[in-house]
Amino acid sequence: MSEQKILPREVLTGEHFTTGNHAAAEGAIAAGCKFFGGYPITPSSEIAEHIALRLPQVKGHFVQFEDEIASIASILGASWGGYKSMTATSGPGYSLMLENIGLGMMTETPCVIVNVQRGGPSTGLPTLVGQQDIMQAKWGSHGDYEPIAITPSTVQECFDLTIDSFNFAEKYRLPVTVLMDEALGHMSEKLVIPKEEKIVRVNRKTPTGPPEEHLPYLPDKDLVPPMATASSGYRIMTTGLTHDERGYPVINSEAQEKLVKRINDKIRLNKDKIIKVEEYQLDDADIAFVSFGSSARVAKGAVNRARKKGIKAGLLRLITIWPFADDHIEKLADQVKKIIVPEINYGQITREVERAAHGKTEVKGVFKLGGDIHLPEDILKEIERS
Amino acid sequence: MAEENIELIESHDHPLDGYLREGRIPHIFCPGCSLGSITTVLVEAILEAGVDPKKVAVVSGIGCTGRIAGYLNFDSFHTTHGRAIPFAIGLSVTDPDRKVIVVSGDGDLFAIGGNHFIHAARRNADITVICVNNFNYGMTGGQVGPTSYVGQFQSTTPYGTVEEPFNLPDLAASCGAVYVARWTALDVRRVKDSFVEAITKKGFSFVEVLGSCPTTYGRRNQLAEGKKILEYFKEKAVLQHGMDTKKVDIEKDGPMIVGKFVDIEDKPTLTDHLLEIQRKGEAALNKGGKK
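Those protein sequences? They're chains A and B, same order as listed.
Under this note's numbering, the first residue of the first sequence is numbered 42, with each subsequent residue one higher.
Under this note's numbering, the first residue of the second sequence is numbered 1072, with each subsequent residue one higher.
These aren't lab readings, by the way, just hints derived from the structure by calculation.
Just so you know, these numbers come straight off a predicted model, no measurement behind them.
Among the clues, some could well be false.
Chain B regions said to be covered by chain A (calculated; three or more residues, Cβ under 8 Å) [as the list claims (entries may be wrong)]: (1) 1122-1129; (2) 1141-1147; (3) 1156-1162; (4) 1165-1178; (5) 1285-1292; (6) 1342-1351.
Rough simulated footprint, nothing fancy, chain B against chain A, three-plus residues with beta-carbon under 8 Å [to be verified]: (7) 115-126; (8) 270-283; (9) 373-383.
Okay, derived cross-link-like pairs now, DSBU-like style, lysine-lysine, Cα gap no bigger than 30 Å in a straight line [unchecked claim]: (10) A:K353 - A:K302; (11) A:K246 - B:K1358; (12) A:K312 - A:K350; (13) B:K1307 - A:K100; (14) A:K246 - B:K1338; (15) B:K1358 - A:K100; (16) A:K236 - B:K1273; (17) A:K236 - B:K1351; (18) A:K378 - A:K350; (19) A:K100 - B:K1318.
Glycine included, C-beta positions come from ideal geometry on N, C-alpha and C.
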């Protein structure tokens, strides 16, 4: 990928009062996104609308496609074309994208997908909040792969973490999902965009050797192969079939083991660099909330209220939801007598917390099925049951 | 021809050396399949078109024809079933000088991928789409496809095909393709010339090649050898340049009308429009437009 010069209006340095959806769009542009392929869907459409206005101002392209399948396929193609690329959608669209997310995993194609979650299943609650695509983002496409998914909690994080997501995508060569939710996408709050020089941009590594010796899937020590851009003379060979280091299809168990292990291990081995959490009032806590996204905002409020009543509550907020923060959960399970997991679904992350807690403490989920965020009281009630 | 008159040339070189992937041959195509010769013709056409081989990207979906990309030593992308076209659009708009060629089969492009085809033609994406129409799903064992004609027998139409097939040139033309042609695999010279025209054409160009599939189509339809299918093409093909595409549908035992049907000049492409939008975006910025 050629050296990117930051164009004058790529980073709108300053203070803004804006929505999570617009912040995610601005984060993408600040990260160097130059191609967006998308399809309208509530509650994510404002991302497409905003980026349709903004991308042409920074020498980028916006194309509205015929569906979400075309959108994700186009951003994979654009990524091989050398552009940082993105799409945005909600649950039904994300479901349609899954097959090509798998292609992105198998061909190791950097790109970012924003999923502004709404209530499901099916058409569900188009205009109302949900956190029901958490497991879909982990397991949705067939086969074994280790995804990265990020769950912002504030408008500021919609901006910051979209940049991080592009950087992860470029560094580890995979599609990264930003799991927002309707409440966050449509919420307005303060966004501070830093100066250009403060924005960290990671670009994929590219091959440097002679093209005739290039092996497109020969990994470096970090298990990530350098990625050639189309038309750079490296005669790219890529396929969703199981392939060897030359990129050639090889249909046997040895090739499968080698490739699938590597595309999983490149994330597993680097999970400490990828996993981010926020620890709030946890030092002396004996009861902890584990939450993410909009739910974590309510959990934080519940911690404050509990503390006023003299209850030693704290919050572990998952910023990276995949890979999962197993070690943080296990440490927490050693410390507290109960972990409460508020989430806007019928128990997705609760199960992960149970698994990671290894039975060392009680884990209790507080579920809302979508349509509304929790009230602090809903969560506090669960403390009182302790 | 008497056998002693054939002059054998002993050589370890192949005319397409450097343009086929080393170690990928022999290909997977069945004896009597036309995909081998279509692969050859495609490489020859790319070279004859005078485009920089570095700037060529070949994108395929899934299926027998979908395997062609993987044999070619250009930038080659073997994508998911039906999605080669939108992937190709992503590659195309990110470099106006890149020549992106989609090669795939009738099932891939017109059943599962049909929606992408019509929209790519409508938006005049600057790509060339080559469809090898073998009238059935070959790789999966010979099921009925969107171009199977009424009365054709396939593994999922044991009582004969009842649904009307797509008329591919008419579909392409009605959706806005700027170049539309159809040939049989027998006519490799015209196929090559047509590929050259399509590749050098600005905008959405489409070439249908009627291909021979003795294994899963032919043997169920009294055409069990590649040669028999080519003889059938020879008997049925009627050259009609400029023919109204409405009249080129294929029926059982009917004529197969081939030729160049559409050739439109200077229609702005998707890439042209996107670059124009960039100019508008920059102008809005300079006027102090909204953020």
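Here is how each hint holds up against the structure:
1. With 3 residues carrying a beta carbon less than 8 Å from a beta carbon of chain A, the stretch 1122-1129 of chain B meets the three-residue requirement, and the given coverage holds.
2. Proximity of the stretch 1141-1147 of chain B to chain A, defined as three or more residues with a beta carbon under 8 Å from a beta carbon of that chain, is established by the 5 residues found.
3. For the stretch 1156-1162 of chain B, the stated coverage by chain A holds: 7 residues have a C-beta nearer than 8 Å to a C-beta of that chain, and at least 3 were required.
4. Only residues whose C-beta sits within less than 8 Å of a C-beta in chain A count toward coverage, and the stretch 1165-1178 of chain B has 4 of them, enough to reach three; the restraint holds.
5. Coverage of the stretch 1285-1292 of chain B by chain A is violated [criterion: at least 3 residues with CB-CB distance below 8 Å; count 0].
6. Against chain A, the stretch 1342-1351 of chain B contributes 4 residues with a C-beta closer than 8 Å to a partner C-beta. That satisfies the three-residue criterion, and the hint holds.
7. For the stretch 115-126 of chain A, the assignment as covered by chain B holds, since 11 residues bring a beta-carbon within under 8 Å of that chain's beta-carbons and 3 suffice.
8. Check on the stretch 270-283 of chain A: 12 of its residues sit with their Cβ under 8 Å from a Cβ of chain B, so the three-residue criterion for coverage holds.
9. For the stretch 373-383 of chain A, the stated coverage by chain B is not satisfied: 0 residues place a CB nearer than 8 Å to a CB of that chain, which falls below the threshold of 3.
10. A distance of roughly 43 Å separates the Cα atoms of A:K353 and A:K302; the hinted pair therefore is violated under the 30 Å criterion.
11. A C-alpha spacing of about 37 Å is found between A:K246 and B:K1358, which places the hinted pair above 30 Å, so the restraint is violated.
12. For a cut-off of 30 Å, the pair hint linking A:K312 to A:K350 is broken: about 37 Å separates their Cα positions.
13. Our distance criterion of 30 Å between C-alpha atoms is broken by B:K1307 and A:K100, whose separation comes to about 51 Å.
14. Of the supplied pair hints, the one linking A:K246 and B:K1338 is violated, its CA atoms being roughly 38 Å apart against a limit of 30 Å.
15. Straight-line distance between C-alpha atoms of B:K1358 and A:K100 comes to about 17 Å, which keeps the hinted pair within the 30 Å bound.
16. Proximity of A:K236 to B:K1273 is assessed by CA-CA distance (about 42 Å); at most 30 Å being required, the pair is judged violated.
17. Distance check on the hinted pair: A:K236 and B:K1351 sit about 26 Å apart at the alpha-carbon level, within 30 Å; holds.
18. Restraint check for A:K378 and A:K350: satisfied, since their Cα atoms lie roughly 18 Å apart, inside the 30 Å limit.
19. With a C-alpha separation of about 44 Å, the suggested pairing of A:K100 with B:K1318 is violated against the 30 Å cut-off.
Violated hints, listed in ascending order, are 5, 9, 10, 11, 12, 13, 14, 16, 19; each of the other numbered hints is respected by the structure.
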